[in-house]
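Visitor: One letter stands for each residue in the lines below.
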Amino acid sequence: MIPTPDLSHLTRHDLEQVYDPAEDTFLLLDALEQEAEALRKERPLICLEVGSGSGCVSAFLGKIFGQSSSLYLCTDINKHATRCTLATGKQNKILLDPITCSLAGPLSSRLCHAVDVLLFNPPYVPTDTDEASSAQSSADIAGSWAGGIDGMEITNRLLQDVECLLSPRGRFYLVALKQNDVPSIQSRMLEDFGLTSQVVIERRAGREFLLIIRFARTAHSGSGSTS
Amino acid sequence: MVRLITHNLLACHVKGCTTNNFPLVFQDVQVELQVAEFNPDFIRNMLSRLEWTALVNAAKQVGDTSLPPEQPDMMDDELLQKLHHVLMEIHVTDGAMVCQNCNHIYPISNGIPNMLLAEHEIG
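Protein sequences appear in the order of chains B and V.
Sequential numbering from 1 applies to the first sequence in full-length UniProt numbering.
Sequential numbering from 1 applies to the second sequence in full-length UniProt numbering.
For the record, the hints were derived by calculation from the structure and aren't laboratory data.
Errors might be hidden in some of the hints.
Stated by the list, open to error - Just so you have them, the derived chain B footprint on chain V, three or more residues with Cβ under 8 angstroms:
hint, stretch
1, 33-44
2, 57-65
3, 69-79
4, 102-113
What the hints assert, rightly or not - In silico lysine-lysine, DSBU-like type, Cα no more than 30 angstroms apart, as pairs:
hint, chain 1, residue 1, chain 2, residue 2
5, B, K90, V, K82
6, B, K79, V, K60
7, V, K15, B, K93
8, V, K60, B, K178
9, V, K15, B, K41
10, B, K93, V, K82
11, B, K90, V, K15
Each residue gets a CB set at the ideal place from its N, CA and C atoms; glycine is no exception.
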């Protein structure tokens with residue numbers, strides 16, 4: 001069993017400004033642990049977590065692959081979050097490389113078909129559009145949950161870039177809520193980008209029914225590459 | 001921390017800035033060295049995803065001139081060690097990265113680059 005990263009360095013002040021890891025975070029950790037063996041075999045070089053918040057998930061990924069075998073890039077729109085991400089890396093002896101920006105922002109052109117493991121625990125709570133966009137522009141803790149219509153407005157923006165970011169054998173893990181309409185996300189990603197997907201784990205947590213979806217290229221488009 | 005491995009993967013993303021927007025140029029930097037575990041396989045495999053000339057120039061900007069201007073065909077252990085140092089152990093803690101095309105300044109403070117854009121700059 002891979003231990004949950006140590007977050008004891010985060011203060012109450014930090015957790016007023018940054019999303020405190022909760023059931024959704026832990027479900028993503030459980031999914032990654034379940035997939036650890038298969039992921040290690042792929043020898044991932046570049047991992048990118050969008051919306052890293054406390055840094056808990058990337059630190060966990062670092063424990064799976066080891067400090068020196070991958071690069072752990074982390075982005076968050078909230079500058080308190082990137083500060084916490086850096087600190088959580090240090091606390092857990094995994095060097096995380098945080099960048100304050102929206103989604104994959106300044107990385108997307110250079111990381112074209114280069115990300116081996118892409119993670120996104122998005123703001124998935126359904127709200128109105130205004131609430132989601134004002135949360136994004138104020139770049140504070142509300143940006144970690146306010147998801148707009150169907151809780152999908154921010155997620156949809158990243159979904160447009162996923163195929164471009166993923167390396168030939170790359171995998172993308174997305175946290176979703178049942179209300180986000182998971183079958184529709186899956187069929188859209190297949191039709192628009194040829195990415196196949198599978199729900200790897202699901203759990204009811206209080207009022208929320210949470211799922212982790214894994215996306216990858218189809219066997220055909222991913223094979224043939226020896227690099 | 002802005003390490004040179006990360007810097008090599010960042011481009012200016014201001015709306016409409018699509019040519020000559022990479023690499024960003026370091027300005028007024030403060031640098032810290034931190035020893036990291038050497039993994040020659042990682043460095044060797046990572047090279048295909050990096051831009052050599054951009055790396056050599058970025059290294060110069062932070063005061064390291066150990067890399068040859070052209071990427072050698074053969075990577076011996078000595079060169080991999082140098083690359084490891086340049087990519088993984090040099091941390092830019094403060095300063096800025098500037099786009100050569102649109103002159104947008106991305107500040108770096110306490111080891112974190114701020115690459116947020118204003119509303120009108122988002123593509």
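Visitor: All hints, please: hold or fail.
Guide: To see whether the hints hold, each was checked on the structure:
1. 33-44: Holds, because 6 residues of the stretch 33-44 of chain V bring their Cβ atoms closer than 8 angstroms to Cβ atoms of chain B.
2. 57-65: violated (count 0)
3. 69-79: That given contact is violated, which follows from only 0 residues of the stretch 69-79 of chain V lying within Cβ reach (below 8 angstroms) of chain B.
4. 102-113: holds (count 5)
5. K90(B) to K82(V): holds (24 angstroms)
6. K79(B) to K60(V): holds (29 angstroms)
7. K15(V) to K93(B): Given that 30 angstroms is the threshold and the Cα spacing comes to 37 angstroms, the pair is violated.
8. K60(V) to K178(B): violated (51 angstroms)
9. K15(V) to K41(B): Violated, at roughly 39 angstroms.
10. K93(B) to K82(V): Since the Cα atoms of K93(B) and K82(V) sit roughly 23 angstroms apart, the hinted pair holds (cutoff 30 angstroms).
11. K90(B) to K15(V): Violated: K90(B) and K15(V) sit about 34 angstroms apart, past 30 angstroms.
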